[in-house]
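Undergrad: In order, the protein sequences belong to chains P and U.
Following our numbering, the numbering of the first sequence begins with 1 at its first residue and continues without gaps.
Following our numbering, the numbering of the second sequence begins with 257 at its first residue and continues without gaps.
In case anyone wonders, no lab produced these hints; they're calculated from the structure.
Among the hints, a few may not be true.
Stated by the list, open to error - Listed below are the simulated DSS-like cross-link pairs for lysine-lysine, each with C-alpha atoms no more than 25 Å apart in a straight line:
no.: 1; chain 1: P; residue 1: Lys7; chain 2: P; residue 2: Lys229
no.: 2; chain 1: U; residue 1: Lys471; chain 2: P; residue 2: Lys26
no.: 3; chain 1: U; residue 1: Lys263; chain 2: P; residue 2: Lys139
no.: 4; chain 1: U; residue 1: Lys263; chain 2: U; residue 2: Lys471
no.: 5; chain 1: U; residue 1: Lys485; chain 2: P; residue 2: Lys215
no.: 6; chain 1: P; residue 1: Lys215; chain 2: U; residue 2: Lys471
Stated by the list, open to error - Residues from chain U shown here face chain P by an in silico Cβ test under 8 Å; the list is partial:
no.: 7; residue: Cys314
no.: 8; residue: Asn318
no.: 9; residue: Leu425
no.: 10; residue: Gly447
Just so you know, even glycine gets a beta-carbon here, dropped at the ideal spot from N, CA and C.
There are 2 protein chains.
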Amino acid sequence: MSDSTLKIVTAALIIIGNEILSGRTKDANMAYLGAELNALGIRLTEARVVADTPDAICGAVNALRAQYDYVFTTGGIGPTHDDITSECIAQAFGLPFGRNPEAEAVLRDYYAEGEVTEARLRMANTPEGAILIENPVSKAPGFQVENVFVLPGVPRIMQAMFGGIRHRLVGGQPMVSRTVSSHVPEGQAGGPLTELQARHPDTEIGSYPFFRDGKPGANIVIRAVDAAKADAAVQDVADMLTSLGGKPIIEGSADV
Amino acid sequence: MSDSTLKIVTAALIIIGNEILSGRTKDANMAYLGAELNALGIRLTEARVVADTPDAICGAVNALRAQYDYVFTTGGIGPTHDDITSECIAQAFGLPFGRNPEAEAVLRDYYAEGEVTEARLRMANTPEGAILIENPVSKAPGFQVENVFVLPGVPRIMQAMFGGIRHRLVGGQPMVSRTVSSHVPEGQAGGPLTELQARHPDTEIGSYPFFRDGKPGANIVIRAVDAAKADAAVQDVADMLTSLGGKPIIEGSADV
Numbered sequence: 001m002s003d004s005t006l007k008i009v010t011a012a013l014i015i016i017g018n019e020i021l022s023g024r025t026k027d028a029n030m031a032y033l034g035a036e037l038n039a040l041g042i043r044l045t046e047a048r049v050v051a052d053t054p055d056a057i058c059g060a061v062n063a064l065r066a067q068y069d070y071v072f073t074t075g076g077i078g079p080t081h082d083d084i085t086s087e088c089i090a091q092a093f094g095l096p097f098g099r100n101p102e103a104e105a106v107l108r109d110y111y112a113e114g115e116v117t118e119a120r121l122r123m124a125n126t127p128e129g130a131i132l133i134e135n136p137v138s139k140a141p142g143f144q145v146e147n148v149f150v151l152p153g154v155p156r157i158m159q160a161m162f163g164g165i166r167h168r169l170v171g172g173q174p175m176v177s178r179t180v181s182s183h184v185p186e187g188q189a190g191g192p193l194t195e196l197q198a199r200h201p202d203t204e205i206g207s208y209p210f211f212r213d214g215k216p217g218a219n220i221v222i223r224a225v226d227a228a229k230a231d232a233a234v235q236d237v238a239d240m241l242t243s244l245g246g247k248p249i250i251e252g253s254a255d256v
Numbered sequence: 257m258s259d260s261t262l263k264i265v266t267a268a269l270i271i272i273g274n275e276i277l278s279g280r281t282k283d284a285n286m287a288y289l290g291a292e293l294n295a296l297g298i299r300l301t302e303a304r305v306v307a308d309t310p311d312a313i314c315g316a317v318n319a320l321r322a323q324y325d326y327v328f329t330t331g332g333i334g335p336t337h338d339d340i341t342s343e344c345i346a347q348a349f350g351l352p353f354g355r356n357p358e359a360e361a362v363l364r365d366y367y368a369e370g371e372v373t374e375a376r377l378r379m380a381n382t383p384e385g386a387i388l389i390e391n392p393v394s395k396a397p398g399f400q401v402e403n404v405f406v407l408p409g410v411p412r413i414m415q416a417m418f419g420g421i422r423h424r425l426v427g428g429q430p431m432v433s434r435t436v437s438s439h440v441p442e443g444q445a446g447g448p449l450t451e452l453q454a455r456h457p458d459t460e461i462g463s464y465p466f467f468r469d470g471k472p473g474a475n476i477v478i479r480a481v482d483a484a485k486a487d488a489a490v491q492d493v494a495d496m497l498t499s500l501g502g503k504p505i506i507e508g509s510a511d512v
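One chain only, chain P, in its complex shape (with noise of 0.2 Å):
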């Protein structure tokens, strides 16, 4: 439904970790990610949550990669048995899988002598030709492979290390998104607002209930690449949901 003249920058994410999977820990990082790419103009258009074995990140990564122009990984590249992403990206790209001089002298850097571990040497290796992305936090790197970006599970590094690869995205335009709120409930609004749709095929309209005030509504979110068309459309659904006795609420960003 988006304007057909222009690119959409597509991105995937990889979250791994049977944690995730068991409900012992909650993901934080998609959210994040989300909304940071779609400020960047790149669409966050998949994400799986995979489980820690090669079988399974190996062929998330290589069927996601194919499919999307960029793909992020989080979690997995700590320094525990458990942490195999690194590797399984090397096997995803056919790469030779060793120590990475830069890495490892960052890491050497950063520990004492008797702290440099063999565990902690696990976080220098990656798959040969990897290009590393600095960790102003705990200084152990992530990496980009092609259009695969490895970074970590903790939300607080994440975001770090993602402020230092932001240069490295081509986005394309940036998706204006606004908000109509109203205590007209889906049911009543459903049949109105697919004629709006189809009369504003350059926008996507997403309808969000909520239970609020002892009463039903909904948030209706518009989004599209051209703001002047999803302000039409935004002065459609508000009519719309006037005309069934609503008063609508108008709120709008240019970056969610």
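On the provided structure of chain P, position chain U as indicated by the hints.
TA: This is chain U only, laid out in the frame that chain P set:
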């Protein structure tokens, strides 16, 4: 690494919705289902978040239903034009799609005469032969086709409906889980942990770093079907951490 004599029952989750990918809405269903399924002896092994497009939904359903014992979908079964999950499930199974008389009766019974809009009746459309899943909160049902269970995205409603399908699920042995936490950093414990994992092949040992009270540390999580085997590994991990100068704390539960 699990006991090879025991069948592991697996599940995948498909989270449907642009709003999750854009970062606008945070998913709350994966963590819930991961924990609940584990308590039933079913292992959530993969999750995918896909956009509201037929290709994305249909592709994920067909890939995952062939690969896992159970597939759950959340989202996209409301009354608006962007709710397309149900028809995509029909498409994925090659089934006719249309009004389900039982679901229609439920909705007509719930809504007052004038409130039975065409949009609301969309929620009574299912693939032919689908088994309904009762919705005790807002009535519009989900449904099951073979090993695929179609649930709503709103966590409160999804959880209430999951309660109604528990008895349809046949699990295996639930995993027990124990956590050993200490301020021994992963970089110190990593080497010994690799050996302990090798010595306890019927357990899964995961290490999750934290930064607490100004100091790094890690939660070492030991999971196994056999509680005695988990406990033996816990003891070895605790002894190892003690030998490295840590003061390990052991926590355990049978259902996470």
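Undergrad: Does each hint hold? Answer for all of them.
TA: Here's how the hints hold up against the structure:
The hinted pair formed by Lys7/P and Lys229/P meets the criterion: a straight-line CA distance of about 17 Å does not exceed 25 Å. The suggested pairing of Lys471/U with Lys26/P holds, with an alpha-carbon distance near 22 Å, which does not exceed 25 Å. As the CA atoms of Lys263/U and Lys139/P are separated by approximately 42 Å, the hinted pair breaks the 25 Å bound. A threshold of 25 Å between alpha carbons decides the hint, and for Lys263/U with Lys471/U the separation of about 41 Å lies outside it, so the pair is violated.
Among the hinted pairs, Lys485/U with Lys215/P is inconsistent with the structure: their alpha-carbon atoms are about 52 Å apart, more than 25 Å. With a CA separation close to 47 Å, the supplied pair Lys215/P and Lys471/U exceeds the 25 Å bound. Interface restraint check for Cys314/U: the shortest CB-CB distance to chain P comes to about 13 Å, outside 8 Å, so the restraint is violated. Annotation: Asn318/U was flagged as interfacial toward chain P, and the flag is violated, the nearest CB pair being 14 Å apart, outside 8 Å.
A least Cβ separation of about 16 Å between Leu425/U and chain P goes past the 8 Å threshold, and the interface hint is therefore violated. Because the smallest distance between the Cβ of Gly447/U and any Cβ of chain P comes to about 5 Å, under 8 Å, the interface hint for this residue holds.
The structure does not agree with the numbered hints 3, 4, 5, 6, 7, 8 and 9 stated previously, though it agrees with the rest.
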